[in-house]
Amino acid sequence: MVTQTASKIIVKQLSIWFGKVQALKELSLQIHSSEILSVIGPANSGKTSFLRQLNRLNELEANFRVSGEVLLDGEDIQKLSPEILRKNVGMIFALPQVLPMSIYDNVSYGPRMHGIKNRGVLDGIVEESLEASFLWDEVKQRLKESATKLSGGQQQRLCISRTLALRPEVILFDEPCSGLDPVSTAKVEESMLKLKENYTIILVTNNTKQAARVGDRSAFFLMGELIEFDKTQKIFTAPADKRTEEYILGKFG
Amino acid sequence: MRTTTKQKIAFSVLFLSTLMVILPVVFVLGTIIKNGWQGISWEFLTSMPRDGMRQGGIYPAIVGTVYLVSLSIVFSLPIGVMAAIYLNEYARDNLLTRLIRLAIVNLAGVSSVVYGLFGLALFVTFMKFGVSILSGALTLAIMNLPVIITASRESLANVPYQFREVSLSLGLSRWQTIRHSVLPFAIPGILTGAILSLARAAGETAPILFTVAAFYLPKLPASIFDQAMALPYHLYIISTQIPNIAVKTRYATAMVLVGISFTMNIFAVIIRSRLRKKKKW
Ligand SMILES: Nc1ncnc2c1ncn2[C@@H]1O[C@H](COP(=O)(O)OP(=O)(O)O)[C@@H](O)[C@H]1O
Ligand SMILES: [Mg+2]
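Going down the list, the sequences are from chains S and R. Using our numbering, the first residue of the first sequence is number 1, and each one after it goes up by one. Using our numbering, the first residue of the second sequence is number 1, and each one after it goes up by one.
Excised from the complex, chain S in its bound form:
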């Protein structure tokens, strides 16, 4: 087990452009193993761009440019193959993106595509992953049913299971509860808190209360810049920067 303060991810001077728009400006920070880092900030402040750089989804955009470095376990992610990187750095999107196939097939999709064929092994992975996102009890009787029939909250937890099935090290959440009701949100948060024991989690959220509830540390982004980055409690009780305080108090954004 890694120690609490080991840096899982080190971001150095990261800048991102889409055409002429600079989405991220010389961002540097370090993310520890087994912590939840919440990223907050108003719309268009570069939160999603930051997250999608950590699994290199940005590079799908034609007009994307990047400078700076991201190290995962000390290794430059640009030197890894995107497939291996993305297997290790999973992502949950804002709206639940289940694939139109059965619950079982959704969860086992990643492992199957990465070459696991043994039915018993897959069964084990599916059960374990669904357990970890607290969905198992709700769906164990109907694994063969289409995932699209689940409720929004269940679908989002299914997406978490699907990511967990690859046994990643880092999980990126991009406003995962923006489409969910409070009860579903609570369940997703519960699973995040449980998961952080074994995973490094980065949670982008537009809900400052959620950041305060689950984040160990919080980062405040504004117009592509990292304004403040500290222990969550400090950010929410005694922010150093005036703009952080204004944002948390709901004065803009």
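There could be a bad hint or two in this list.
[What the hints assert, rightly or not] Straight line, CA to CA, 30 Å or less: simulated DSSO-like cross-link-like pairs of lysine-lysine:
#: 1; chain 1: R; residue 1: K277; chain 2: S; residue 2: K140
#: 2; chain 1: S; residue 1: K196; chain 2: S; residue 2: K149
#: 3; chain 1: S; residue 1: K242; chain 2: S; residue 2: K231
#: 4; chain 1: R; residue 1: K277; chain 2: S; residue 2: K117
#: 5; chain 1: S; residue 1: K79; chain 2: S; residue 2: K140
#: 6; chain 1: R; residue 1: K277; chain 2: S; residue 2: K144
#: 7; chain 1: S; residue 1: K149; chain 2: R; residue 2: K248
#: 8; chain 1: S; residue 1: K194; chain 2: S; residue 2: K144
#: 9; chain 1: S; residue 1: K20; chain 2: S; residue 2: K79
#: 10; chain 1: S; residue 1: K187; chain 2: S; residue 2: K234
#: 11; chain 1: S; residue 1: K196; chain 2: S; residue 2: K79
#: 12; chain 1: S; residue 1: K196; chain 2: S; residue 2: K140
[Claimed, not checked] Have a look at the derived ranges for each label pair, beta carbon to beta carbon:
#: 13; chain 1: R; residue 1: S273; chain 2: S; residue 2: L95; range: 26 to 36 Å
#: 14; chain 1: R; residue 1: K8; chain 2: S; residue 2: K140; range: 52 to 62 Å
#: 15; chain 1: R; residue 1: R276; chain 2: S; residue 2: D137; range: 30 to 40 Å
#: 16; chain 1: R; residue 1: M82; chain 2: S; residue 2: N207; range: 24 to 34 Å
#: 17; chain 1: R; residue 1: M82; chain 2: S; residue 2: L95; range: 28 to 38 Å
#: 18; chain 1: R; residue 1: N158; chain 2: S; residue 2: G179; range: 18 to 28 Å
Quick caveat, the hints were computed from the structure, so don't treat them as lab data. C-beta: ideal position from N, C-alpha, C; glycine also.
Add chain R with the ligands to chain S, keeping to what the hints say.
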């Protein structure tokens, strides 16, 4: 005028327009069936033409058309789908790909007789396939390619962008993503487009005129290098070139041709709804 009156007028006009679209079709089908159904018999469908096509059946023409259509899809479907995958999934938006797209749209509108001439020059003469099923099928395939590419591209583009993102974010390669997370969901649309284009190909005369069609050949083709009779051309011949032929023979032939297209269209609908049920999002 009161709004209800206006509304009534508007609805009447819209309804009449719809009627005007449907009426000719009903009329055409009605005429064909009325005049043709007496000509349809098991013998008509399964025997060789005799007596300068005035007697006997249309078996070789049916077989010829089935051969042509099946062989053409063997060429056009894989190439069309692969081109569509390239254009929709890989190609970046630049001048070259825009030109290619424009060319495809325009090719779909080119008159079929032009394809016929092209097939004559390329396959019959230059590649020395002669007047044969192979030349005809290749010509039909080329004529159908733009339609298949367009239909396939549309089906691919209809697969939500998120499927690709999810797939890539799970560490699948771009090819795996296309193969497993995109293509399966596009297949109903691709197949429908392919079958509809085939139904059209089955009825075309011009592309097969110079490349395959035999005037009168009362035997079945032995290989793809043989000439063959084909339904649309046969219909043209018995309607214009042969005097004293029974009206019911002409209309029965037309009925068979329409029947083939109709059956294929029904197939397309069934396949789509079947697959859609399984792969719905
Ligand atoms: N694919 C893209 N193409 C062009 N501009 C983009 C793209 N993605 C993001 N941007 C721009 O980058 C900035 C940051 O966006 P984003 O990272 O999505 O912010 P956030 O997630 O904080 O709302 C915005 O100005 C946005 O318009
Ligand atoms: Mg965002």
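Here is how each hint holds up against the structure:
With a CA separation close to 23 Å, the supplied pair R/K277 and S/K140 stays within the 30 Å bound. A C-alpha spacing of about 29 Å is found between S/K196 and S/K149, which places the hinted pair at or below 30 Å, so the restraint holds. A C-alpha spacing of about 17 Å is found between S/K242 and S/K231, which places the hinted pair at or below 30 Å, so the restraint holds. Restraint check for R/K277 and S/K117: the C-alpha separation of about 26 Å stays at or below 30 Å, so the hint holds.
With a CA separation close to 40 Å, the supplied pair S/K79 and S/K140 exceeds the 30 Å bound. Simply put, R/K277 and S/K144 have alpha-carbon atoms about 15 Å apart, close enough for the 30 Å limit, and the pair holds. Under the criterion of a C-alpha separation no larger than 30 Å, the hint pairing S/K149 with R/K248 is inconsistent with the structure, at around 55 Å. About 27 Å separates the Cα atoms of S/K194 and S/K144, which keeps this hinted pair within 30 Å; it holds.
Of the pairs offered as hints, the one joining S/K20 and S/K79 holds, with about 26 Å between alpha carbons and a cut-off of 30 Å not exceeded. About 26 Å separates the Cα atoms of S/K187 and S/K234, which keeps this hinted pair within 30 Å; it holds. Between S/K196 and S/K79 the alpha-carbon distance is near 27 Å, which keeps this suggested pair within the 30 Å criterion. Under the criterion of a C-alpha separation no larger than 30 Å, the hint pairing S/K196 with S/K140 is consistent with the structure, at around 24 Å.
The beta-carbon spacing between R/S273 and S/L95, approximately 27 Å, falls within the hinted interval of 26 to 36 Å. In this structure the supplied range 52 to 62 Å holds for R/K8 paired with S/K140, their Cβ-Cβ distance being about 58 Å. About 32 Å separates the C-beta atoms of R/R276 and S/D137, a value consistent with the hinted range of 30 to 40 Å. Our hint of 24 to 34 Å for R/M82 and S/N207 is violated, since their Cβ atoms are close to 46 Å apart.
A beta carbon spacing of about 32 Å between R/M82 and S/L95 agrees with the range 28 to 38 Å that was offered as a hint. Against the hinted window of 18 to 28 Å, the Cβ-Cβ separation of R/N158 and S/G179 comes to about 22 Å, which satisfies the hint.
Violated hints for the displayed structure, listed by number in ascending order: 5, 7, 16.
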